[in-house]
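Participant: Sequence:
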Amino acid sequence: MESGDRYGVAGYGSGGDGTVPPPPSHAPSVGPPPPGASLRAAAAALLNLTGLGLGYALLGRWGRAAVCWAATAVLLWVALPADPDGVPAGVLVGYLLVLVLAAVDGGRIARRSAVGGAWRPGLAVGLGVVLLAVPAGGAVVYGSARDEAREQMLLERLEAGDERVATASGQPFEAAKSEYGKALDVYRALGEDHPGSRAAMLVPDRLKAYYDAVSAPYAKKRHCEAVAPLTYLRTLPDSVDKKVLGELAAWPDTPLAESLYACGVSRLGGAGSSSGGGDGGAELGQLLRTFPESASARRVAPAIDERIKDQVSALKGAEPCTATEALRSLGATASRLPDDSVKKLRADADEGVVDGVYACGVDQFEDGKFGAARTTLTDFARTYKSDGRVRQARNIATAAEIADDRPAAGKRLPPSKRPGGARMELVISNDAPNTVEILYTGPVTGTVTLRACAGCERYRASEGPRRACKAGGRNYPKARLQLPAGEYHFLYKHGTGATARVDSYSSGTRVQPGYTYTSCTYVIERSPFDLDLPLLPDPIQPVVSPWGAGSSR
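So for the sequence shown, my numbering puts the first residue at 1; every next one is plus one.
The reader is advised that the hints may include incorrect statements.
Stated by the list, open to error - Here are the computed distance ranges between Cβ atoms for each label pair: (1) Glu457 / Tyr515: 22 to 32 Å; (2) Ala318 / Arg451: 37 to 47 Å; (3) Ala228 / Lys344: 23 to 33 Å; (4) Arg298 / Lys417: 40 to 50 Å; (5) Arg382 / Glu457: 29 to 39 Å; (6) Asp367 / Ala216: 38 to 48 Å; (7) Ala295 / Ser335: 36 to 46 Å; (8) Arg480 / Pro415: 39 to 49 Å; (9) Glu293 / Gly368: 46 to 56 Å; (10) Ala70 / Gly246: 49 to 59 Å.
Source of the hints: derived by calculation from the structure; they are not laboratory data. Note that the Cβ used here is the ideal one computed from N, Cα and C, for glycine as well.
When you get a sec, could you build the whole thing from the sequences and use the hints?
Facilitator: As structure tokens, then:
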């Protein structure tokens, strides 16, 4: 047939018996591609791009198809379950490279091969396009799962921050400050780095709870305890975006001002000194410097003024010494504060201190604290020399010194006015080789000093009362006191020329009208065994029976 000649049958050759061999199963590697090769190549490439290796399967290249299945299996094993960070970039790039190579390779093979079977290349192309939706849809689903995983991760971080706040809220602020800081780092990162996440949407509520936890002492009106945490909250806008904090950024100002005021006022006058709380100056100073225009700052001067007046009134009460110390502290506090209207209050406090020192000394005397009374009133007389009470302060100090050795002298305060009426003379002679200071109190109070007696000696205990002040021709140093009638107490203090072993001596007697009295002071030796021998001096009597006032040595 002619048609046989057209197809080149002779080109295949024939056997000797004239038979024709079957055609090869694949197109030759050279020469033009078989008809429909382009469509077949596109179909194989698309089917391989699905990651299912279907292009190789249609071509009968099962080994290559297995490679595609293995690559897809590895991808699924790495990607599932969805991780917030997604598939590692290296794995994803490697998988895409495998798909591209498989598509190119499948298209190349399909273009050169005559595919057997009854499949249609056009239908295969359509199937490839449809099946491409599988990896595309899988990518979308995976992206959604990855986003959800990320949301869950962020929510877990939020929960961890909440747990830190809950733990810290049960501790004192200084101990919990580190935990609070770590919780804040969580909230700040969520709000600033993941603003669109569900966790970030919850951050404002969490920050409100955070502020409530940190400022809990303020809510409980523990104002001194609230100062440190509120000061901390006030600094947060320096490290956290104000957009994240919102209205919370400015919230601590008013509570902090109120706490500084309440804490400072509670400590005014040194009320917190015993517990290390100070005198309120630190808190009130911080208030006036930080919030000078606040309502709390305007209340500082009236509060200090009121407290000064209260303590001045308290000087007439049972604890004038305590009130005096409070006035000292109030004055010192007022002078340190950065407000002229407050500084002026120092003068009022100082004026109260003057009255307070005197009242304190009197109170100490009446309470039998004679040593303290003497110190207080001696300092008063030395410090406030122009005060009209200086003379009486010295008299009370003198009586207190006598009463410290002879308590009977402290039964009542020395009279503030000198009594009228007749005066009796008391002549006191010094038969001691050292100076003698004589303190006396009774209807009148005072002191007198006798110089040392030149040539006078110490006496043995047995001869002192008999020989003291009786040496003929000796000029004994003398002091003459004019005393109203009444009960008196004396203290003889041996001064210049005496050794440390010379004792002071106190005694008492009653001065009666119409008499002149004498007294003699002298020093006796101790016993050889260094025993203190008691002296039993005669009381002050009329001049016919003088009293010898001695001290042992």
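Participant: Does each hint hold? Answer for all of them.
Facilitator: Hints, one by one, checked against the model:
1. Checked against the hint of 22 to 32 Å, the pair Glu457 and Tyr515 passes, with Cβ atoms roughly 31 Å apart.
2. In this structure the supplied range 37 to 47 Å holds for Ala318 paired with Arg451, their Cβ-Cβ distance being about 45 Å.
3. Range check, Ala228 to Lys344: Cβ separation about 31 Å, and the 23 to 33 Å hint holds.
4. Separation of Arg298 from Lys417 is about 49 Å and conforms to the stated range, judged on CB atoms against 40 to 50 Å.
5. At about 37 Å, the beta-carbon gap between Arg382 and Glu457 stays in the expected band of 29 to 39 Å.
6. The hinted window of 38 to 48 Å between Asp367 and Ala216 holds, with their beta carbons roughly 45 Å apart.
7. As the Cβ distance of Ala295 to Ser335 is approximately 24 Å, the hint placing it in 36 to 46 Å is violated.
8. The hinted range of 39 to 49 Å is not satisfied by Arg480 and Pro415, whose Cβ atoms lie roughly 21 Å apart.
9. The given range of 46 to 56 Å is respected by Glu293 and Gly368, whose C-beta atoms sit roughly 53 Å from each other.
10. Taken as a hint, the range 49 to 59 Å holds for the pair Ala70 and Gly246, whose Cβ atoms sit roughly 54 Å apart.
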